[in-house]
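Engineer: Whole structure, please, built from the sequences with the hints as guidance.
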Amino acid sequence: MGLLLAEDISKHFGGIAALSAARFELAVGEVHALMGENGAGKSTLARICAGSLRPDSGKITLEGREVALNHPLDAQKPGIGIIYQELDLFPHLGVGENLVIGNLNFAEGVLARPKAIEDFSRPFLAQVGLTVDCAAWVSSLSIAQQQLLAIARALSMNCRILFMDEPTSALSEDAAERLFEVIALLKAKGVAIVYVSHKMDEIFRLCDRVTVLRDGKTIGTRMTAQTDRTELIRMMVGRDLDSAARSAKPASQAVTLSVANLTTRKLKDVSFELLQGEVLGIAGLVGAGRSELGAALFGLDPILHGRLLLKGREFHPCNPAQAQRHGVGLVPEDRKLQGLMLQMSVKENATLSVLKRVSRWGFLRATQEKNLFDPAAQRLRLKAASPDLAVGNLSGGNQQKALLARAIFADPDILFLDDPARGIDVAAKEDIYRLIHELAASGKSILLASSELSELMRCSDRILVLKEGRVTGMFAAADATQETIMAAATHSFAQAG
Amino acid sequence: MKAWKIIVLATALGLVGCGPHGAGQKLVAFSQANNAEPYRAAQKSLMEKLFAQTPDVKLVSSDAQQDNSKQIAQIETFIRQKPAVLIVAPNERDALTAVMGKAMEAGIPVICLERDIVQPNYATYIRMDNRAIGRMAGQFMVDQLTKKNGGPRGNVVFLRGLLGVEAEINRDGGAREILSRYPDIHIVADPVANWIQAEAHDRMTEVLRVQPKIDVVYGHNDPMAIGAYLAAKELGRDKEMIFTGVDGLGGPSGGIKKVMDGVLAATFVYPLGVKEAVEVSQKIMRDPSYKPPKVVTLDSIMVTSDNAADLYKKLTVAGE
Amino acid sequence: MSAWGLTIQRASRSRLFQVPSLLALVALMILAALVSPTASDGSRIFFEIGNLTDILRQVSVIGIISLGMTLVILTGGIDLSVGSVLALSTALVASVLTRPLLPGAPALHMMLAIGVAVLACGLVGALNGLVVARLQVQPFIVTLASMIGVRGLAKWFTANENVDIGFGKDVAAQFADIFRDKTVVIGSYIAAAIVFWVLLSKTVFGRHVRAIGDNPTASIYAGLPILKTQLWVYSLTGLLAGFAGVLYAAENHQGNPNAGVAYELDAIAAVVIGGTRLSGGQGTIIGTIIGTLIMGVLTNILRLNNIDSNVEMMIKAMIIVLAVAVQRKGRQ
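Going down the list, the sequences are from chains A, B and C.
My numbering puts the first sequence at residues 9 to 505.
My numbering puts the second sequence at residues 39 to 358.
My numbering puts the third sequence at residues 5 to 336.
Certain hints may be false.
The list that follows gives simulated cross-link-like pairs (lysine-lysine, PhoX-like), each with its CA atoms no further than 25 Å apart [what the hints assert, rightly or not]:
no.: 1; chain 1: B; residue 1: K313; chain 2: B; residue 2: K96
no.: 2; chain 1: C; residue 1: K159; chain 2: B; residue 2: K108
no.: 3; chain 1: B; residue 1: K108; chain 2: C; residue 2: K320
no.: 4; chain 1: B; residue 1: K351; chain 2: B; residue 2: K87
no.: 5; chain 1: B; residue 1: K82; chain 2: B; residue 2: K64
no.: 6; chain 1: C; residue 1: K173; chain 2: C; residue 2: K206
no.: 7; chain 1: B; residue 1: K251; chain 2: B; residue 2: K185
no.: 8; chain 1: A; residue 1: K364; chain 2: C; residue 2: K159
no.: 9; chain 1: B; residue 1: K351; chain 2: B; residue 2: K295
no.: 10; chain 1: A; residue 1: K378; chain 2: C; residue 2: K206
no.: 11; chain 1: B; residue 1: K108; chain 2: C; residue 2: K186
no.: 12; chain 1: B; residue 1: K64; chain 2: B; residue 2: K329
no.: 13; chain 1: A; residue 1: K391; chain 2: A; residue 2: K225
no.: 14; chain 1: B; residue 1: K82; chain 2: B; residue 2: K332
no.: 15; chain 1: B; residue 1: K277; chain 2: B; residue 2: K185
no.: 16; chain 1: B; residue 1: K87; chain 2: B; residue 2: K277
no.: 17; chain 1: B; residue 1: K271; chain 2: B; residue 2: K295
no.: 18; chain 1: C; residue 1: K173; chain 2: B; residue 2: K140
no.: 19; chain 1: C; residue 1: K206; chain 2: B; residue 2: K120
no.: 20; chain 1: A; residue 1: K364; chain 2: C; residue 2: K173
no.: 21; chain 1: A; residue 1: K391; chain 2: A; residue 2: K378
no.: 22; chain 1: B; residue 1: K332; chain 2: B; residue 2: K321
no.: 23; chain 1: B; residue 1: K82; chain 2: B; residue 2: K352
no.: 24; chain 1: B; residue 1: K351; chain 2: B; residue 2: K329
no.: 25; chain 1: B; residue 1: K140; chain 2: C; residue 2: K186
no.: 26; chain 1: B; residue 1: K351; chain 2: B; residue 2: K332
These aren't lab readings, by the way, just hints derived from the structure by calculation.
Please read these numbers as outputs of a predicted model, since none were measured by experiment.
Structural biologist: Put into structure tokens, the structure is as follows:
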């Protein structure tokens, strides 16, 4: 029985078609996945159904009646809600306030009393299992808690249909599990959920049906029980991908980086050795210290204690420029916030750290820049519609490749990659894994921090596990299993006697 | 979006009410330094009234709002319109000299009104004898001080206008000339208030806080003298001193009324000079053989409680 | 979406985003032609070479300041002190010229005066840059403080009096004759514009300027010389304001500690109308030049038609809002 039906939806941004006559149908009480590569149009479709975007053409029908969703409130009334990937909460307002803002179900006058807010909020917070003070600022909550808050808000709006856009992208495995419990709860209450994601495991686990989009068009809908990974990938990508497993290649025995008792604000007594040509995976929960390790090596976090030896010589990283000169590179976790100049082109972003190489006496040489960038773009399969297009308009995969190019151009011996494959499409992921492989083969040492264990196990030679700033384990990838790594990551320390 | 732009531009077009002058009309351009001063606003309205009497003359005017660069640019644009006569009340002498020369070179007769410039780049300069006014004011102050203190001694405060202006230089210098003969008369403060009443109010407040005893306040124009009076009144010291100004405009907000009301002890009628400027302009436009006088000097009258009422009747333009 | 709208959007995205402002300039010139008063021989006064060069001359001082302001805004900052710095420059150049320092060597004397003024203003700019970059104080606050402080310095230095440049044969008068000449003024503006266009679009420094404004956090991660770049950006702005002050002093035949009030706002308006975003990272020198010309042409249209200068200000305000709105639409 059709609850929501979106037909013939088209949407252009500038001259680019985000959606072309797309179709999506949601049944009552189901969990329905919306899959596709980055740029396929899933988020756009979700936003249109939730009223935050107006389609150029198309029809949306709710329980058989056509509706016009020109404004988020138009969607809130019939009970359509959306939880964005970036979470549209107000960080400097309280938990309760975030629940009641813009909420048609909360009827107070101009001044809302704190008690009224709390009374309204408490039941919904309890339903999602969020035990926090109603007055606490949202910015003080963890990402996982913020997401639960967003769901509580949707519940308080009497959502019958809930769109969730990449809900687990910022969550640790722990928090993700909690989220899945809440989703089951919602389903039991009769809420239909649209799960926008590209994570196969989750989709097969949670969802009843899956609709695949590609290049803005609906490719098809399947029952999850009646399909498999390969078919879905083929629908998403349009071709079969050969995900090459990493061939076991012994790294050389030369130690490129020796870290002894590294202590910073977040890290405590971290010690390990990095071999030349090796890929060292860095595992751990959110907040365990993965990014902080990169920050320390790259001169962004002051080192309080400890000793670093880079190719045998003492190394004191004080700032990124200096670290780069010593052959250390970093691709940060948040590419939009920490990496990209969104208004500059791909080429400009890629060459940004090595402008000396493409200039003479301070003047940029366009041909030199082209000669540096073009081969790298080819090698990385970086495809941009126009070389002058601002990088903010490109897909996540291409953006990440631009940042990788930037780091590689500086010719580092050691490259720290912080969650490089997060939020990008399958094809681009493969390209990046291939690149890591090639870099390692050419003698560079890679530190790969990631929250996806399968990724770590696939790409790394060894895996270092962190928990709360300490090293809790070091495994050879061949010997490790997801369970052992998880155990080390959540290992509770016995108090030293 | 395009429609938006058209609407805005059309509005701008619509404001072209005072558009270009018709053929056969004579154009007179008047560049005023600052319409915010009452004296200059009075100049503008009198000029409009007088030129309105000859409908074949179109008067256009601009207000430089005390900005030299703006006035230079406004005059440059007037030059492009090739007026029959250009009347300029220059903001500051150094800055405006060259551009008025450009107008003369372009064959446009220039009438320089009230304030002077460094070089005689004009056909006619209509001036008021500010030096004489300054001296009269100085003498008035000496007489008042003698009356009050039994001899020529006491404390005087000056409130000065824009410094680069002839009127300021001479109203100030003329008074100092007289006062300097009496060693017991001290000018205890002379802040600059740029001809503006509100600024004078603020400057006078500052002076009042520092000076324990003041006998006479000499504002170099009426608005500044009035501003000083208000400042003293607020601090309860208005009876301690007397106030004199310069301008002596008619009408309910002018200086003559203030003398009648007892706010100012005296003021000096500062002629607008507009009647003479208009006369010369009309002659230039209608009589090709007319040679305008290089300088026209106008006299002043001191206004005190004796003659204020009469002068008020005479100098108040009907309808003010 | 009309084809016209699409063209504007496409142009905006491919970073030819000065296309909308260029169109506005063209539209304005058409309007100018339509409403221009005619001279006795029937030609439109607006298009007289004399009038057009007048416009160029009249926008040169603000135009020069706007070049520096473009760089500052591109780094995500702002400089409110440029008007006061201009005043300081006029005071310094006039003071040095009117003192008998190098009798018999007028050219040297002039160079000394100009050098002192421009360098002093560059130092003020450097101070701004230092506080912004090193002490990490918001540019708005820093330059607001220097706007007030430098104005006070100029007034103190001249005892709040104008420094007159006479009309005689002395070096000061010679200086005024040379540097108020239309060709010299316009030529200076064009020269400065070319230099800064090259600087911004063709040098490593220019790339750094844009990157820092686009994403300050990412600039740290990319190892860019943020401190050095900001220091230079504010110093260059100070130098330009200093040079603008030299031209201003020549035009007005005086050093005036009260000059340049609200000039920073006109400069910011020119930059914004030209397509530069106040948040930084996007903008061009060409855009700023177009913005400057738009304001100059608009003022000229209104003056030729003898419209009250207060109306001029209201229309200017509308144009600024319009310009930003059109550009935002183009970017979505």
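Engineer: Look at each hint and say if it fits the structure.
Structural biologist: For each hint, the structure was consulted:
Between K313 of chain B and K96 of chain B the CA atoms are separated by roughly 17 Å; this keeps the pair inside 25 Å, and the hint holds. Proposed proximity of K159 of chain C and K108 of chain B is supported: the alpha carbons are some 21 Å apart, at most 25 Å. A threshold of 25 Å between alpha carbons decides the hint, and for K108 of chain B with K320 of chain C the separation of about 15 Å falls inside it, so the pair holds. Only pairs whose Cα atoms come within 25 Å are accepted, and K351 of chain B paired with K87 of chain B is accepted, the gap being roughly 19 Å.
This hinted pair checks out: K82 of chain B and K64 of chain B have alpha carbons roughly 18 Å apart, not beyond 25 Å. Taking the CA atoms of K173 of chain C and K206 of chain C, the gap is near 44 Å; set against the 25 Å cutoff, the hint is violated. This hinted pair checks out: K251 of chain B and K185 of chain B have alpha carbons roughly 17 Å apart, not beyond 25 Å. Simply put, K364 of chain A and K159 of chain C have alpha-carbon atoms about 45 Å apart, too far for the 25 Å limit, and the pair is violated.
Restraint check for K351 of chain B and K295 of chain B: the C-alpha separation of about 10 Å stays at or below 25 Å, so the hint holds. Distance check on the hinted pair: K378 of chain A and K206 of chain C sit about 14 Å apart at the alpha-carbon level, within 25 Å; holds. The straight-line distance between the Cα atoms of K108 of chain B and K186 of chain C is roughly 16 Å, inside the 25 Å bound, and the hint therefore holds. Between the alpha carbons of K64 of chain B and K329 of chain B the distance comes to roughly 19 Å, so the proposed pair stays at or under 25 Å and holds.
The straight-line distance between the Cα atoms of K391 of chain A and K225 of chain A is roughly 20 Å, inside the 25 Å bound, and the hint therefore holds. With a C-alpha separation of about 22 Å, the suggested pair K82 of chain B and K332 of chain B falls inside the 25 Å cut-off, and the hint holds. With a C-alpha separation of about 15 Å, the suggested pair K277 of chain B and K185 of chain B falls inside the 25 Å cut-off, and the hint holds. At roughly 40 Å between alpha-carbon atoms, K87 of chain B and K277 of chain B are farther apart than 25 Å, so this suggested pair is violated.
Of the pairs offered as hints, the one joining K271 of chain B and K295 of chain B holds, with about 18 Å between alpha carbons and a cut-off of 25 Å not exceeded. At most 25 Å may separate the alpha-carbon atoms for a hinted pair to count; K173 of chain C and K140 of chain B meet this at roughly 19 Å. For the given pair, K206 of chain C sits about 45 Å from K120 of chain B by alpha-carbon distance, which is inconsistent with the 25 Å threshold. At most 25 Å may separate the alpha-carbon atoms for a hinted pair to count; K364 of chain A and K173 of chain C exceed this at roughly 52 Å.
The hinted pair formed by K391 of chain A and K378 of chain A meets the criterion: a straight-line CA distance of about 15 Å does not exceed 25 Å. Under the criterion of a C-alpha separation no larger than 25 Å, the hint pairing K332 of chain B with K321 of chain B is consistent with the structure, at around 14 Å. The straight-line distance between the Cα atoms of K82 of chain B and K352 of chain B is roughly 20 Å, inside the 25 Å bound, and the hint therefore holds. For the suggested pair K351 of chain B and K329 of chain B, the alpha carbons sit about 35 Å apart, so the restraint of at most 25 Å is broken.
For the given pair, K140 of chain B sits about 12 Å from K186 of chain C by alpha-carbon distance, which is consistent with the 25 Å threshold. Straight-line distance between C-alpha atoms of K351 of chain B and K332 of chain B comes to about 32 Å, which puts the hinted pair past the 25 Å bound.
Comparing the model with each earlier hint shows violations of hints 6, 8, 16, 19, 20, 24, 26; every other hint is respected.
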